[in-house]
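Go ahead and model the full structure; you've got the sequences and the hints to work with.
Each protein sequence line maps, in turn, to chains E and W.
The first sequence maps to residues 1 to 284 in this note's numbering.
The second sequence maps to residues 285 to 723 in this note's numbering.
No lab work stands behind these hints, which were simulated from the structure alone.
Even for Gly, the Cβ is constructed at its ideal location relative to N, Cα and C.
Be aware that one or more of the hints could be misleading.
Listed below are the simulated EDC-like cross-link pairs for lysine to aspartate or glutamate, each with C-alpha atoms no more than 20 Å apart in a straight line [as the list claims (entries may be wrong)]:
#, chain 1, residue 1, chain 2, residue 2
1, W, K338, W, D551
2, W, K661, W, D580
3, W, K380, E, E30
4, W, K582, W, E453
5, E, K250, W, E371
6, W, K719, E, D59
7, W, K671, W, E453
8, W, K665, W, E595
9, E, K250, W, E444
10, E, K250, W, D517
11, W, K463, W, E453
12, W, K717, E, D59
13, E, K250, W, E684
14, W, K573, W, E377
15, E, K250, W, E372
16, W, K338, W, E377
17, W, K373, E, D218
18, W, K634, W, D624
19, W, K582, W, E444
20, W, K338, W, D669
21, W, K665, W, E596
Below, a sample of chain E positions facing chain W; criterion: calculated Cβ distance under 8 Å [said to hold, decoys possible]:
#, residue
22, Y33
23, M199
24, G225
25, S245
26, G248
Far from chain E, some chain W residues (derived; all Cβ distances over 10 Å) [stated by the list, open to error]:
#, residue
27, L414
28, D455
29, K573
30, D633
31, G703
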Amino acid sequence: MVKSLRKWWPLFVLPTALSFVFGFVIPFAEGAYLSFCQFISISNPTFVGLSNYAAALSDPQFAHAFWLTALFTVTVTVLVNVIALAIALAFTRSRLWGTNAFRTVFFMPNLIGGIVLGYIWQILINCVLANVGQQLLALNTHAGFWGLVVLTLWQQIGYMMIIYIAGLQSIPSDYLEAAKVDGANAWQTLWKVKIPNLMPTITICLFLTITNGFKLFDQNLALTGGEPSHSSELLALNIYSTFYSRAGAKWMGIGQAKAVIFCLLVIAISLVQLRLTKSKEVQQ
Amino acid sequence: MKANDISRRGFIGMGATGLLGLALAGCGKSGDAGSASSGSGDAKKGSVYYLNFKPEADEQWQALAKAYTEETGIPVSVVTAASDTYEEKLQSEMSKSSAPTLFQVNGPVGLQNWKDYCIDLSGSQVYGELSNPALALKADGKVYGIDYVEEDYGIIYNKELLQKAGYSEADITSFASLKKIADDIQARRDELGVKGAFTSAGMDSSSNWRYTTHLANMPIYYELKADGEEDTDAIKGTYLPNYKDIFDLYITDSTVDPAQLASKTGDDAVNEFVNGEAVFYQNGTWSYKDVKSLGDDKLGMLPLYIGAAGEEKQGMCSGGENYWCVNSQASADDQQATLDFLYWVVTSDKGTTALADGMGFTCPFNSAKETANPFAKIAKKAVEDGKEPVTWAFVHIPSEEWKKGLSSALTAYAAGTAGWDGVQAAFVDGWAKEKAATA
Chain E
1 MVKSLRKWWP
11 LFVLPTALSF
21 VFGFVIPFAE
31 GAYLSFCQFI
41 SISNPTFVGL
51 SNYAAALSDP
61 QFAHAFWLTA
71 LFTVTVTVLV
81 NVIALAIALA
91 FTRSRLWGTN
101 AFRTVFFMPN
111 LIGGIVLGYI
121 WQILINCVLA
131 NVGQQLLALN
141 THAGFWGLVV
151 LTLWQQIGYM
161 MIIYIAGLQS
171 IPSDYLEAAK
181 VDGANAWQTL
191 WKVKIPNLMP
201 TITICLFLTI
211 TNGFKLFDQN
221 LALTGGEPSH
231 SSELLALNIY
241 STFYSRAGAK
251 WMGIGQAKAV
261 IFCLLVIAIS
271 LVQLRLTKSK
281 EVQQ
Chain W
285 MKANDISRRG
295 FIGMGATGLL
305 GLALAGCGKS
315 GDAGSASSGS
325 GDAKKGSVYY
335 LNFKPEADEQ
345 WQALAKAYTE
355 ETGIPVSVVT
365 AASDTYEEKL
375 QSEMSKSSAP
385 TLFQVNGPVG
395 LQNWKDYCID
405 LSGSQVYGEL
415 SNPALALKAD
425 GKVYGIDYVE
435 EDYGIIYNKE
445 LLQKAGYSEA
455 DITSFASLKK
465 IADDIQARRD
475 ELGVKGAFTS
485 AGMDSSSNWR
495 YTTHLANMPI
505 YYELKADGEE
515 DTDAIKGTYL
525 PNYKDIFDLY
535 ITDSTVDPAQ
545 LASKTGDDAV
555 NEFVNGEAVF
565 YQNGTWSYKD
575 VKSLGDDKLG
585 MLPLYIGAAG
595 EEKQGMCSGG
605 ENYWCVNSQA
615 SADDQQATLD
625 FLYWVVTSDK
635 GTTALADGMG
645 FTCPFNSAKE
655 TANPFAKIAK
665 KAVEDGKEPV
675 TWAFVHIPSE
685 EWKKGLSSAL
695 TAYAAGTAGW
705 DGVQAAFVDG
715 WAKEKAATA
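Here it is as structure tokens:
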């Protein structure tokens with residue numbers, strides 16, 4: 001078995017490897033090249049060197065979007081993971097009535113597309129704001145930011161909850177019994193037994209929430225569209241508007257340069273996070 | 285424990301559904317590509333691929349394409365971009381090997397992007413069919429685009445309600461008289477059974493273009509006209525006080541509280557107008573299909589008065605922002621096939637009927653049929669009566685970014701969170717900034 005695997009592995013890897021190369025590596029390389037060019041359609045770009053990067057980095061709107069995205073990602077990452085873990089603990093610990101139904105309910109928002117969610121929440125939040133006499137989303141930077149946070153929580157908690165439940169269920173029950181026999185209370189069991197054993201799951205969930213936070217686009221576009229005056233515009237939306245809100249080959253190149261910077265940033269942050277949390281993982 | 289186990293079968297089921305979805309999506313895509321590229325099957329005759337801008341006219345274009353293929357055997361495929369995504373769609377389609385042979389630009393600003401992709405149409409038959417060659421999109425002595433639909437806008441009103449209030453169209457000849465009547469209707473709105481004189485001036489993206497583009501045309505038009513200029517890199521905002529006057533009128537004599545305008549949509553305004561909750565509604569010929577349920581005899585249109593000098597002679601705002609361009613990167617056969625197709629569309633009985641009746645367009649071609657659209661008729665009558673149509677100066681607006689900035693500022697002004705200074709800055713400083721950014 002092992003021998004034949006050793007012989008035939010390229011054949012098994014081939015389909016995935018090919019789709020990875022065609023679907024990711026080649027477009028990515030082409031995209032990176034285009035960030036040094038001016039272009040309208042990608043079939044005939046003109047090389048312009050580093051000027052796109054200079055323009056991207058000197059754009060105050062891009063810097064604002066970056067800091068806002070960082071703030072947003074931190075907020076969302078903390079809240080999503082804390083709440084998702086809490087719900088997962090509740091659903092695995094006791095035999096609550098209707099546990100499965102609740103799990104389904106929590107997971108459902110994840111199945112709805114971001115644009116649809118954005119518009120639904122826009123109507124909801126605007127209704128609430130109008131009733132409490134506050135300015136509507138299009139005029140209200142704070143409401144825009146917290147609206148996005150609430151929307152993202154609503155969408156992602158269910159998904160992370162499922163991963164946490166799976167993680168919690170894979171903790172050997174001997175550990176939990178041993179803790180019980182030793183007289184550990186629930187709090188101690190959580191911190192000394194469950195969380196250390198959950199570290200691989202936490203790594204995954206943190207990775208997903210951080211990258212999702214940085215990449216958030218459709219929800220942002222539909223909920224606030226960056227209003228008022230770009231102040232609720234996250235990075236991905238900033239790139240999009242750089243691309244499409246002005247005519248001319250110049251802006252495509254600048255948008256592309258922003259996209260490459262964005263990509264490198266997300267990769268760097270995820271790598272650091274993976275390294276940090278991986279070092280905390282324990283062997284079962 | 286069992287109850288708490290995540291059902292593995294459930295997960296597998298979900299995964300399988302997902303895969304199936306992907307597979308179906310894949311099929312759909314390849315199906316599309318097949319139909320689009322099937323055009324290039326017969327290389328000798330060439331083929332036509334039209335990337336259509338107007339979603340409301342998609343059905344008619346599909347029918348026209350089919351009819352033309354039946355008549356001539358030349359394959360024509362029409363793809364329509366979803367509303368508001370034309371530029372994105374065009375960019376991605378143009379990068380393909382089977383790129384559109386026929387596409388649209390919206391005027392001089394849009395042409396900036398696509399000039400290198402347009403052939404010179406000056407010698408083409410379809411250019412010869414233009415009833416007014418001035419309507420072609422020209423640059424550097426070449427004809428890059430052909431305007432195929434003339435549209436008009438102004439203030440649409442409900443004749444019945446205006447009469448009920450004791451007025452007629454003849455009473456409104458200037459901004460002052462419009463304001464007087466609107467104020468009166470607003471004051472007596474309960475008695476008249478309306479919610480306001482004007483429909484809500486929604487600042488949602490489905491509606492804000494009525495103010496950031498169409499209404500903004502007025503101060504731009506009058507300033508360029510006064511200065512005798514075609515376009516400018518630095519707009520002064522001479523007529524901004526007039527722009528403020530009419531916008532104030534829209535938001536005060538309105539169906540809703542100005543603070544709510546930020547979330548009001550285009551559909552909201554249509555519904556208010558169709559349900560007889562408002563008398564006036566700023567829009568154009570293209571909105572006929574939305575409001576025709578009121579009945580043609582109740583629909584009227586007034587010029588968009590802003591109080592500029594000499595406005596008693598002002599007609600409707602007439603122009604076009606739909607220019608046909610033929611892809612210069614396409615093969616010579618495909619280019620010829622495209623030109624032949626266009627010529628057929630603007631001269632044949634089927635083509636002209638579809639343009640006039642099906643799509644409701646007033647087309648600037650010699651053999652164009654007259655459309656049944658009452659707003660187009662009103663605009664035509666105004667010209668016959670010696671009124672001077674207002675041209676679409678908004679085609680010189682430097683960028684979408686300028687409109688966005690103006691929209692944010694108008695929204696804040698309407699809600700009272702910022703003063704008119706913001707609008708002034710977005711209009712004047714934004715113009716200079718965006719002209720420089722897109723130079």
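Results of checking the hints against the structure:
no.	hint	result
1	W/K338 - W/D551	18 Å, holds
2	W/K661 - W/D580	11 Å, holds
3	W/K380 - E/E30	15 Å, holds
4	W/K582 - W/E453	12 Å, holds
5	E/K250 - W/E371	15 Å, holds
6	W/K719 - E/D59	17 Å, holds
7	W/K671 - W/E453	15 Å, holds
8	W/K665 - W/E595	17 Å, holds
9	E/K250 - W/E444	52 Å, violated
10	E/K250 - W/D517	19 Å, holds
11	W/K463 - W/E453	13 Å, holds
12	W/K717 - E/D59	14 Å, holds
13	E/K250 - W/E684	15 Å, holds
14	W/K573 - W/E377	30 Å, violated
15	E/K250 - W/E372	16 Å, holds
16	W/K338 - W/E377	16 Å, holds
17	W/K373 - E/D218	17 Å, holds
18	W/K634 - W/D624	14 Å, holds
19	W/K582 - W/E444	6 Å, holds
20	W/K338 - W/D669	31 Å, violated
21	W/K665 - W/E596	15 Å, holds
22	Y33	14 Å, violated
23	M199	20 Å, violated
24	G225	7 Å, holds
25	S245	4 Å, holds
26	G248	5 Å, holds
27	L414	25 Å, holds
28	D455	36 Å, holds
29	K573	24 Å, holds
30	D633	37 Å, holds
31	G703	14 Å, holds
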